[in-house]
Amino acid sequence: MKFFHLIWGNLLRRKLRTALTLLSILVAFVLFGVLCAVKEALAGGIAVVGANRLIVRHKVSLIQLLPETYKARMEKIPGVAAVTHQTWFGGIYQDPKNFFMQNPVIPDEFLAMFPEIVLPPEQLKAWKETRTGAIVGRKTAERFHWKIGDKIPIKSPIWMQKTWEFDIVGIFDGSTKGWDTTPLYFRYDYFDEVRKGQNFGTGLVGWYTIQIQDPAQAAVVAQRIDDEFANSTAETRTEPQGAFVQAFANQTGNIVLIVSGILGAVFFTILLVTGSTMSQAVRERIGEIGVLKAIGFTNGQVLALVLAESCLLTVIGGGLGLSFAYLATAAGDPTHGMLPRYFLPAGDLWLGLAISVILGLLTGFFPALQAMRLQVAEALRRM
Amino acid sequence: MSDQSSKNDTLVRVDGVEKMFRRGSEDIHVLANLSLQVPAGEFLALMGPSGSGKSTLLNLIGGLDRPTKGTVQIAGERIDALSDHQLAAWRARHIGFVFQLYNLMPVLTAELNVELPLLLTSLSKAERRKHVATALAMVGLSHRANHYPRTLSGGEQQRVGIARGIVTDPTLLLCDEPTGDLDGKAGDEILNLLQALNREHGKTIIMVTHDPHASARASRTVHLTKGQLTTEALQ
Amino acid sequence: MFNWISQIASITKFGLLSIPQRRGAVAATVIGIAGVVLVFVGVLSIAAGFRRVMQSSAAPDSAIVLRSGADSEMVSGFGRNETRLIADVPGVARNAQGPLASAELFVIINLPKRSTGTDANVPLRGVESAATAVRDRFQIVQGRMFGWGKNEVVVGAGAAKEFAGLEVGGTVKVGSDDWPIVGLFTCGDGLAESEIWTDAKILQGAYHRGDSFQSMYVRLDSAGAFDRFKDALTTNPQLSVSVQRQADFYATQSERVTQLVTTLGLLITSLMAVGAVFGALNTMYSAVAARTREIATLRALGFGSGAIVLALMIESSALAMIGGTLGGLVAFVGFNNFHAATLNWQSFSQVTFAFAVTPLLLLLGVILATGIGLIGGLLPAIRAARLPIAAALREL
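So the sequences go chain by chain: A, B and C. Per this note's numbering, the very first residue in the first sequence carries number 1; after that it's consecutive. Per this note's numbering, the very first residue in the second sequence carries number 1001; after that it's consecutive. Per this note's numbering, the very first residue in the third sequence carries number 2001; after that it's consecutive.
Do not take every clue at face value.
[To be verified] Straight-line distance between alpha carbons at most 30 Å, and here's what the computed DSSO-like set of lysine-lysine pairs gives:
1. Lys177(A) <-> Lys125(A)
2. Lys59(A) <-> Lys2230(C)
3. Lys128(A) <-> Lys196(A)
4. Lys76(A) <-> Lys151(A)
5. Lys2201(C) <-> Lys162(A)
6. Lys147(A) <-> Lys162(A)
7. Lys177(A) <-> Lys147(A)
8. Lys2173(C) <-> Lys59(A)
9. Lys2230(C) <-> Lys162(A)
10. Lys151(A) <-> Lys177(A)
11. Lys1130(B) <-> Lys2(A)
12. Lys2201(C) <-> Lys59(A)
13. Lys71(A) <-> Lys2173(C)
14. Lys196(A) <-> Lys155(A)
15. Lys1226(B) <-> Lys1069(B)
16. Lys125(A) <-> Lys196(A)
17. Lys2230(C) <-> Lys97(A)
18. Lys2(A) <-> Lys76(A)
19. Lys59(A) <-> Lys2161(C)
20. Lys2150(C) <-> Lys59(A)
21. Lys2230(C) <-> Lys155(A)
22. Lys128(A) <-> Lys155(A)
23. Lys151(A) <-> Lys128(A)
24. Lys2113(C) <-> Lys39(A)
25. Lys2113(C) <-> Lys97(A)
26. Lys162(A) <-> Lys196(A)
27. Lys2201(C) <-> Lys196(A)
28. Lys59(A) <-> Lys39(A)
29. Lys1069(B) <-> Lys15(A)
30. Lys2113(C) <-> Lys2173(C)
31. Lys2150(C) <-> Lys2161(C)
32. Lys196(A) <-> Lys177(A)
33. Lys39(A) <-> Lys2161(C)
34. Lys125(A) <-> Lys155(A)
35. Lys1125(B) <-> Lys2(A)
36. Lys15(A) <-> Lys39(A)
[As the list claims (entries may be wrong)] Short, incomplete list of chain C residues facing chain A, as computed with Cβ under 10 Å:
37. Ala2028
38. Ile2033
39. Val2039
40. Ile2046
Derived from the structure by calculation, the hints contain no laboratory data. These numbers were taken from a predicted model, which means no experiment stands behind them. Virtual Cβ for every residue (Gly too), placed ideally from N, Cα, C.
The following block holds chain A by itself, in its conformation from the complex:
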């Protein structure tokens, strides 16, 4: 636009001051981006749940096991399209610090239930042919540098404290961003067979995932399932996958609140710093503003010029900061594989940009008002 030279020139008037203010804004937005990624890692996962999936667990707690026989009964319930189960294995690979989830599953059913898991067909074939076979998510595979063909020993303190050995036959990815690729899945039939041998917990599973025919019927079908098993030894609690994930995230704490609190403090500070810089800048230019008005710039135009200046500063700073944050988060998980997902959601990037514009308007507001109200003759005297 034609007023660009004037606005840009004013920003360059005191290069050092502009640079320092810009850097403060930049840092604030880097922080914004990083915190959004952290929030997504700890409390996200809602976006990747399927609207047509329910989780069925033991009513009293997730740790209690459910009978395998429930599967047949659930398949008969109207509205249920498919049923499969998983169980918490709780194994340790070398060191408890190297935590990742390992669950026994039924391969075909499991992959059908979770189409977001992408596994090459030849790897699936190998899995079905290898009793001790396991597929592992790419994140964990990269963390420990596993390849297909590796034998992985995992010790399970829960399941008979023996060391189980699995053959890596496949590495899977997620088709949607944010899908957790840290778990390892192995075959349920192998799991149950070993259990039978020691007569320990045979025929018991951790939780079921149900695929329903119509997402709108989620609450109804959930109630039907819980009714089916009410008053039995193992009562169930069924909820949509989203609610389950949300509740779990809430156990970590009110992450969203904490992150918002920190960001609030940061932006308030930036507001002060930038606002103070803009006020100073305007005060130094009272004479020039008078000249502009003498030439014929209206009060409104002068207001707009000041606001444009502050917005340009905040948007450039914000844009750069968000870019750095994006690059930083794309570089990888700082906890090296502990977090199930680590990325900066596109929605948050746009939010950040919008915030930078609002920041510009807020910081420029009072100085702009002051510039607008200046009486020409008075201002000229102060040139």
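Here the structure of chain A is known, so what remains is to put chains B and C in place on it, guided by the hints.
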């Protein structure tokens, strides 16, 4: 070009104007019952000691301020009755200012400074460029178009100021002590320029000055003492 | 020497006196630094509070015995015979009732968190009668202890604050039954306060655990008795156990959460501190610019460059320290003892704790602030000292 057919049309008509300022609890009367007429094409000098109100009168004529009493008519238009917003637009179209301290934007080059009043018009970029080039040529500074004010001498800066003042081809050029900050030679150059603008291009100029050498170049001088006019004969 | 100090003092005084003129910029920097310290202290007080809960649970003469290879109670298990063997080992303290050893087991039940309304895992622990002596700061503060052999529970003070529906006189759903809550207990701000307790025998029955337990909490004769106790157990061929001091056990339990919070906290604070340095630089540069003529005059009069640099840095640091103290104070008032709970991955259940704004954190906060002030003041100070005097005197 401005709307005037003959040199005898009254361009500026100031009638019974009073201006009062309030300083703290005191009322200060700067102008009292002042009337003045300026025909189109005149080069008028306003002289007077400091505090006599000459800058105030200039501000009233230029629409930078409103009189407490009385009227100010420029080209038949009652500018004392215009709102702030209307006055801004009016100034953009009708007035060019030249200031004692040049008042250039230090962050803009010479040509961008001259372009400033044109940004308020609806001219295209190419047309603006043309007008700027013309104005700079008229003041003899085409070769300094890309320079920032801090690399220009005082005289050169004032010439840029004049170019800015005439680039929109205004009805009236108002100069507040244009040579006040310049030494003899540079000051002379400025006055030559103003005279040329008046004689060869027919520009109406009102100049406030306390320097008799400057006022000698004008076609008429009026004196202001304590807010009242006393007129001297035409030169 | 004195001359030099008095020079610095005068310059600093002029500087501080000119603050009212530039109060906008000064306020912005002070508040900016206060913000950094606030976040620093606030986030790290989460880690400190969490660690504190874990550590106050552990007296130096107490030990915990788990099955060999188990790193948490959840994955450990003992039979009745083993617990008897462990309780009889020499080194275990005794009172009139017998050895101070409590065989325990725990399950997880779901209750809604007050803060989010969603369900979370709460530990329900079955204990033996020695449990209250093993954890010596156990105290019933409301109601009474549960009756041994009865389906009754007592609730920890932390759990009562964090979860809905845990008042004395209310009930808790255990399996398919409702058990009455008969008392509220505190235990020296330790981990136990996040839990609900009942008789181990009753819990075993309700959850079909036979006569098995998951852990043994033991009080020793003295802190020095630990090594002997541990050797006796690990060399016994009938037992396959791991023995730790309770303090060590809790340290490893809290490690992951503490590490995560500390790493994130430091990351966030470093970024904020960098931003604050820029803000401080900004303020100090404009301070120097605004006082150019004044500083040049001082130098023309004979004040040394060194004194000017030091004075400006003192001023910058003083302002920063004020900001840091302010931030620490707000953190203390706002966060100290703020009640929260988070998931302990080892026990897979909620640990309730309170944010702990410790004196150490406050001190670190002030040091951080001062550091920001020093860095922010250094470069502008050097610029002020190197201004060409004549040019500066002319500047308006």
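Here is how each hint holds up against the structure:
no., hint, verdict
1, Lys177(A) <-> Lys125(A), "holds, 26 Å"
2, Lys59(A) <-> Lys2230(C), "violated, 40 Å"
3, Lys128(A) <-> Lys196(A), "holds, 21 Å"
4, Lys76(A) <-> Lys151(A), "violated, 39 Å"
5, Lys2201(C) <-> Lys162(A), "holds, 28 Å"
6, Lys147(A) <-> Lys162(A), "holds, 24 Å"
7, Lys177(A) <-> Lys147(A), "holds, 23 Å"
8, Lys2173(C) <-> Lys59(A), "holds, 11 Å"
9, Lys2230(C) <-> Lys162(A), "holds, 24 Å"
10, Lys151(A) <-> Lys177(A), "holds, 29 Å"
11, Lys1130(B) <-> Lys2(A), "holds, 15 Å"
12, Lys2201(C) <-> Lys59(A), "holds, 22 Å"
13, Lys71(A) <-> Lys2173(C), "holds, 26 Å"
14, Lys196(A) <-> Lys155(A), "holds, 18 Å"
15, Lys1226(B) <-> Lys1069(B), "holds, 17 Å"
16, Lys125(A) <-> Lys196(A), "holds, 26 Å"
17, Lys2230(C) <-> Lys97(A), "holds, 25 Å"
18, Lys2(A) <-> Lys76(A), "violated, 71 Å"
19, Lys59(A) <-> Lys2161(C), "holds, 23 Å"
20, Lys2150(C) <-> Lys59(A), "holds, 23 Å"
21, Lys2230(C) <-> Lys155(A), "holds, 24 Å"
22, Lys128(A) <-> Lys155(A), "holds, 23 Å"
23, Lys151(A) <-> Lys128(A), "holds, 17 Å"
24, Lys2113(C) <-> Lys39(A), "holds, 20 Å"
25, Lys2113(C) <-> Lys97(A), "holds, 28 Å"
26, Lys162(A) <-> Lys196(A), "holds, 14 Å"
27, Lys2201(C) <-> Lys196(A), "holds, 28 Å"
28, Lys59(A) <-> Lys39(A), "holds, 29 Å"
29, Lys1069(B) <-> Lys15(A), "violated, 47 Å"
30, Lys2113(C) <-> Lys2173(C), "holds, 15 Å"
31, Lys2150(C) <-> Lys2161(C), "holds, 25 Å"
32, Lys196(A) <-> Lys177(A), "violated, 39 Å"
33, Lys39(A) <-> Lys2161(C), "holds, 25 Å"
34, Lys125(A) <-> Lys155(A), "holds, 26 Å"
35, Lys1125(B) <-> Lys2(A), "holds, 8 Å"
36, Lys15(A) <-> Lys39(A), "violated, 36 Å"
37, Ala2028, "holds, 4 Å"
38, Ile2033, "holds, 9 Å"
39, Val2039, "holds, 6 Å"
40, Ile2046, "holds, 8 Å"
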